[in-house]
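Participant: Please construct the entire structure, taking both the sequences and the accompanying hints into account.
By the count of the numbering used here, the sequence shown reaches residue 477 at its end, each step adding exactly one.
Some clues are possibly wrong.
[To be verified] The calculated EDC-like cross-link candidates involving lysine to aspartate or glutamate, where the alpha carbons are at most 20 Å apart (straight line), are: (1) Lys-376 with Asp-405; (2) Lys-352 with Glu-148; (3) Lys-376 with Asp-402; (4) Lys-314 with Asp-327; (5) Lys-223 with Asp-256; (6) Lys-476 with Asp-403; (7) Lys-294 with Glu-355; (8) Lys-273 with Glu-389.
These are computed hints drawn from the structure, not numbers from a lab.
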Amino acid sequence: MNYRKVPFFNYPAVFQSRKAEILATITDVAERGAFIMQKDLEEFEANLAKFTSSKYAFGVADGTAAIVIALKASGVQPGDEVILPSHTFIATASSVHFVGAKPILADCGPDHMLDAKSVEKKITSKTRAILPVQLNGRTCNMAALQSLADKHGLLIVEDAAQALGSKFNGKCAGTFGKAGTISFYPAKTLGAFGDAGAVLTSDDETAKLVRALRDHGRGEDNEIVMWGYNSRLDNIQAAILNLKLKYYEEDVSRRREIASRYQSQLGELKQLQLPPAPESEKEHYDVFQNYELEADDRDGLRNYLNEAGVGTLVQWGGRAVHHMKKLGLDGSDLVYTDAMFKRCMMIPMHPYLSNDDVDFVSETIRNFYKR
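Facilitator: Set out below in structure tokens:
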């Protein structure tokens with residue numbers, strides 16, 4: 107067996123790729139002593155709003171805080187029900203819980219995204235919102251979900267943690283509903299050097315509430331107008347993100363090139379189900395946060411890749427939210443999610459991969475199925 111070290115993600119490369127600019131950015135903020143709620147944050151928020159075609163963008167402490175604040179600002183109340191996929195990080199469901207609402211788990215489809223037919227079956231008189239998770243750098247079929255929301259008078263609040271710049275019918279993830287959220291966890295497509303997140307909205311009243319909720323309940327005149335959180339995005343992270351945003355489309359372009367390369371080299375393997383290829387669907391523009399596929403003998407393939415030096419991962423530690431039995435959430439009818447979690451895995455996908463890295467991963471997978 108050939109060996110080549112191809113880590114699942116390369117954290118040092120994030121820094122090394124633009125080391126001089128990053129160090130200059132951090133030094134500038136430090137020398138100004140501008141650490142909290144300064145011009146760098148304002149500039150980043152303005153640039154993020156422009157990038158997503160959103161009226162407002164607010165930097166917050168992390169992606170989980172973003173969801174909590176977005177739900178509260180959008181009007182989700184204690185006792186409400188919020189429908190979300192079980193194929194998501196626990197933070198999506200816990201955010202619903204911590205605003206006093208009940209997470210209701212729905213199934214996903216073959217593209218691993220929230221399935222509208224499953225959502226419709228979950229709607230009750232207590233349902234207040236649909237919380238689509240824009241997963242793996244892809245946006246859900248928002249036409250179907252928006253139709254459901256309009257039909258039943260429901261809010262849409264998006265968890266677009268993994269999908270900055272992803273689009274459905276030309277509209278950015280995070281901008282379809284009352285509010286949307288982004289995570290800037292270091293491994294995300296736009297990653298901070300620590301925890302960071304944002305809330306997007308184009309609704310004036312929601313924006314007013316988000317602004318207060320993230321900063322101890324302060325209104326625009328600095329008076330306390332409500333109970334709030336300490337959830338401000340610090341200025342160093344904002345400055346780093348603002349720098350990296352300039353290169354974001356370049357990085358996404360590289361991710362899409364890698365996805366196309368995987369598709370060309372692995373697409374004919376009947377043992378795999380690959381994510382949709384770039385340009386294969388006119389409605390979708392995917393940014394490929396992850397490259398999540400389904401594989402026959404998934405565990406055997408992962409072991410084989412590991413022995414060859416290739417890092418892989420199964421999202422959420424291999425458990426959907428309804429598999430976390432101590433939480434007591436019903437997932438008895440999530441047929442596709444259950445089947446998928448026996449087969450799904452992710453292979454390396456980040457802009458620091460070389461073509462030789464990608465080719466080695468593909469060749470190793472092909473060799474596994476030739477045995």
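Participant: To test your reading of the hints: which numbers does this structure violate?
Facilitator: none
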